[in-house]
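Peer 1: Could you put the whole structure together from the sequences, leaning on the hints where they help?
Chains A and B, in that order, are what the protein sequence lines are. For the first sequence, position 371 (counting from the first letter as 1) is numbered 371 according to the working numbering, and the numbering increases by one without interruption. For the second sequence, position 97 (counting from the first letter as 1) is numbered 97 according to the working numbering, and the numbering increases by one without interruption.
Hint data in this document are derived by calculation from the structure and do not stem from the laboratory. Treat the hints loosely; a few may be bogus.
Any copy, or any two copies together, can satisfy a pair, since identical chains are not distinguished.
Said to hold, decoys possible - Calculated pairs, DSS-like style, for lysine-lysine (alpha carbon to alpha carbon, straight line, at most 30 Å):
1) K130 / K91
2) K395 / K28
3) K407 / K220
4) K3 / K252
5) K373 / K12
6) K3 / K248
7) K373 / K130
Note that the coordinates shown come from a computational prediction; the quantities given were computed from them, not determined experimentally.
2 protein chains.
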Amino acid sequence: MTKTRKIFLSEKEMPTQWYNIQADMPNKMMPPLHPGTRQPLGPDDLAPLFPMELIKQEMATDTWIDIPEEVLDVYTLYRPSPLIRAYNFEKLLDTPAKIYYKNEGVSPAGSHKPNTAIAQAYYNKKEGVKYITTETGAGQWGSALSFAGSIFDIDIKVFMVKVSYEQKPYRKFMINTWGGDVVPSPSELTESGRQILAANPDSPGSLGIAISEAVEMAAKDPNTKYSLGSVLNHVLMHQTIIGLESLKQFEKTDDFPDVVIGPFGGGSNFAGISFPFIRENLVNGKNIRCVAVEPHSCPKLTKGQFQYDFGDTVGHTPLIAMFTLGHNFVPAQIHAGGLRYHGAGAIVSQLLKDKLIEAAAVEQLETFDAGVKFARTEGIIPAPETCHAIAQVVKEAEMAKKEGKSKTILFNFSGHGHFDLASYDKYLTGQLTNFSVSEEEIKKSLDEIASLR
Amino acid sequence: MTKTRKIFLSEKEMPTQWYNIQADMPNKMMPPLHPGTRQPLGPDDLAPLFPMELIKQEMATDTWIDIPEEVLDVYTLYRPSPLIRAYNFEKLLDTPAKIYYKNEGVSPAGSHKPNTAIAQAYYNKKEGVKYITTETGAGQWGSALSFAGSIFDIDIKVFMVKVSYEQKPYRKFMINTWGGDVVPSPSELTESGRQILAANPDSPGSLGIAISEAVEMAAKDPNTKYSLGSVLNHVLMHQTIIGLESLKQFEKTDDFPDVVIGPFGGGSNFAGISFPFIRENLVNGKNIRCVAVEPHSCPKLTKGQFQYDFGDTVGHTPLIAMFTLGHNFVPAQIHAGGLRYHGAGAIVSQLLKDKLIEAAAVEQLETFDAGVKFARTEGIIPAPETCHAIAQVVKEAEMAKKEGKSKTILFNFSGHGHFDLASYDKYLTGQLTNFSVSEEEIKKSLDEIASLR
Chain A
1 MTKTRKIFLS
11 EKEMPTQWYN
21 IQADMPNKMM
31 PPLHPGTRQP
41 LGPDDLAPLF
51 PMELIKQEMA
61 TDTWIDIPEE
71 VLDVYTLYRP
81 SPLIRAYNFE
91 KLLDTPAKIY
101 YKNEGVSPAG
111 SHKPNTAIAQ
121 AYYNKKEGVK
131 YITTETGAGQ
141 WGSALSFAGS
151 IFDIDIKVFM
161 VKVSYEQKPY
171 RKFMINTWGG
181 DVVPSPSELT
191 ESGRQILAAN
201 PDSPGSLGIA
211 ISEAVEMAAK
221 DPNTKYSLGS
231 VLNHVLMHQT
241 IIGLESLKQF
251 EKTDDFPDVV
261 IGPFGGGSNF
271 AGISFPFIRE
281 NLVNGKNIRC
291 VAVEPHSCPK
301 LTKGQFQYDF
311 GDTVGHTPLI
321 AMFTLGHNFV
331 PAQIHAGGLR
341 YHGAGAIVSQ
351 LLKDKLIEAA
361 AVEQLETFDA
371 GVKFARTEGI
381 IPAPETCHAI
391 AQVVKEAEMA
401 KKEGKSKTIL
411 FNFSGHGHFD
421 LASYDKYLTG
431 QLTNFSVSEE
441 EIKKSLDEIA
451 SLR
Chain B
1 MTKTRKIFLS
11 EKEMPTQWYN
21 IQADMPNKMM
31 PPLHPGTRQP
41 LGPDDLAPLF
51 PMELIKQEMA
61 TDTWIDIPEE
71 VLDVYTLYRP
81 SPLIRAYNFE
91 KLLDTPAKIY
101 YKNEGVSPAG
111 SHKPNTAIAQ
121 AYYNKKEGVK
131 YITTETGAGQ
141 WGSALSFAGS
151 IFDIDIKVFM
161 VKVSYEQKPY
171 RKFMINTWGG
181 DVVPSPSELT
191 ESGRQILAAN
201 PDSPGSLGIA
211 ISEAVEMAAK
221 DPNTKYSLGS
231 VLNHVLMHQT
241 IIGLESLKQF
251 EKTDDFPDVV
261 IGPFGGGSNF
271 AGISFPFIRE
281 NLVNGKNIRC
291 VAVEPHSCPK
301 LTKGQFQYDF
311 GDTVGHTPLI
321 AMFTLGHNFV
331 PAQIHAGGLR
341 YHGAGAIVSQ
351 LLKDKLIEAA
361 AVEQLETFDA
371 GVKFARTEGI
381 IPAPETCHAI
391 AQVVKEAEMA
401 KKEGKSKTIL
411 FNFSGHGHFD
421 LASYDKYLTG
431 QLTNFSVSEE
441 EIKKSLDEIA
451 SLR
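Peer 2: Given below as structure tokens:
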């Protein structure tokens, strides 16, 4: 065998610091505002929800933050993750492009989410926290935090969007297997939940509602903190281990990415793979395109507005300056549940505003088409979220073919699709469609948050 | 970090030959017999079912068989698999024993099964075969062959035990995603299926019936061959890549196994990890214990009889000299579907008869107890089959503690439990029980095959 598919790092080669892009951004983000006073948040405002070390990280200006020994140790349960050259997929696409993917599906929870779940559980544990609440949509985040809770012996309570709770029992079982507790949201356990249920007893729930419940429960109990799986600065920073490893792995090849691609929900996996490469552009004069890929039907980056908005439905979270469709926007029922969110993290939004990253939108059917092609050549079955990145890879590869130019593409294989096979079945049997969202819908939703501008 | 959890091999370090234990066995197996004539089988008898190269391997006497370049290339989609030191699990068990596991769950299909599926699909393709039939119980084997079929462009038809087909739709979807076709068995597509349905239209099916259907369909069509996922010599040999890699990986540590443990269904994963270590005993004077672990409720190794028996229900397969409970034995509805089989492969049976391996039986509840403990410390959730090995590991580790002696344990993590989480849910909510099988039941089933002795 002359070719090598998988580029491994040894555990000793694993990066020992996270990269904090806030230090290198030419324009800093606008400050998060208190939901009540609308004044810039101080650390004390966040103290009821987060341990102090994470609040410090949220506001940190250092370029590099040491990863604690204990976190590195737990990372080695599955990290470093392999960087893989997708030779078979390249051949199918008949493209001169070289395609590499970083396989974050190797974690016990099956996605990149444990990279921050482990860090967050560790810092909470260190500060004596016994309980953590969180929300989950399709279940990737809830299971990742539950896994981390089992390692650090912290009780995890997950508010799971009710419709997903009913449709995806396996994610619930997974959370339980790691000892976590799952409640369908809206629930009777919180004021927020009771309010929603009073208005609509059959509410299917939403990520925004589940966040409201989890935040409320944490805020009311001094022994309980809250944890979020995306959007926030410290969460995105924990994920940079993905891109930092990739950089080291490319040193072992003769290639270097021209394009870096990640699916985009709140920003965590995209940030994870791309921020270290954006640093190469900002600090080392490189010219790497970084492309965030969102669903056509939830187009906050390509059609949303940059302004202050809430992260949740009820309005418990701080106001964040971000690309948003409005916190009342209800995304279509696409199967990539992790991408059904109205807003984008503050850092990623600022980077997009400053044209330091690109955004692209793809249709549901082309994502599954790309996912099936990938599975039938590379073996591994991608999550519907990951299929968004792959659909964009196909476009880039076809462009390379048209231009007759080789280029190197890196994408984040954010997770496997083992719990999403029902959506593959629907695709293969012709039961899936694309979803469109009209300009009017978006305008209406944005008008509703006009007062927050 | 001073310790290393995961021992990797590079792709270039991957073994390039399979190990054929037939060459080193002190007592050779008894020959398989034709189901009609009861005379020893010749290659021509197998030609309707298998490509000639696999028939040669089935009867090979060479110690080492070259792995074709094309097979090695596909192996690198996921191989070499990591050898992992289970530090966290050791700590929980408070044992002086060192516990290592070989993670075969990293394959696209989630188990060790692709190791032979890829080889079988390759040899079939090389001899011009367009269609392959097979059977599957819980779905591990059917999905592995379907994955291999997608890589080598061969149409796969899977007869899936009807009760599993209905209970485990995700395995069906997975097979379809790779382009394979699945039919619930018994079906109307074969004489065997129609016979069973005529007698019992509501038959839930069984592995034995599904084998009968798949064999019949292949035998009747010259363009179609049949493929089996365990039991046969060539299948077990393809799996030796597991143990051969492990040997190379242990060279990179200061440890060497005193005990090697694998769950036992038909023999393929157990053989895969243990045969290269048995060679160390036979050829290099080592003294490694190799333990096959079966369910208490399907105790062919610990309570079965060594004699000729059929591999299927209807009696289409050759007669094999093996430890068996009788081909009419119906195992209890344990969740480790891959271990619900009445017989053991010929080689493994001969090795047990010659006391070159050990057998142990464990109860369903202790397997899930071990599996949950493993998941909560090591992260990864094991398949119910794999939990059988882990339950035995717990016993060995406790013995080491009692004796105050360190020893090194290696077990085969044959697959992950992502599609078995419903059984974890049942376990965690107290809905699972142990199953016993009485001496009378076993005697009755063995009496029914008295004429085959």
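Peer 1: Hint by hint, note whether the structure agrees.
Peer 2: Quick rundown of the hints versus the structure:
no.	hint	in the structure
1	K130 / K91	between (51 Å within a copy, 22 Å between copies)
2	K395 / K28	neither (32 Å within a copy, 58 Å between copies)
3	K407 / K220	neither (53 Å within a copy, 50 Å between copies)
4	K3 / K252	both (13 Å within a copy, 24 Å between copies)
5	K373 / K12	between (35 Å within a copy, 27 Å between copies)
6	K3 / K248	both (19 Å within a copy, 21 Å between copies)
7	K373 / K130	between (45 Å within a copy, 20 Å between copies)
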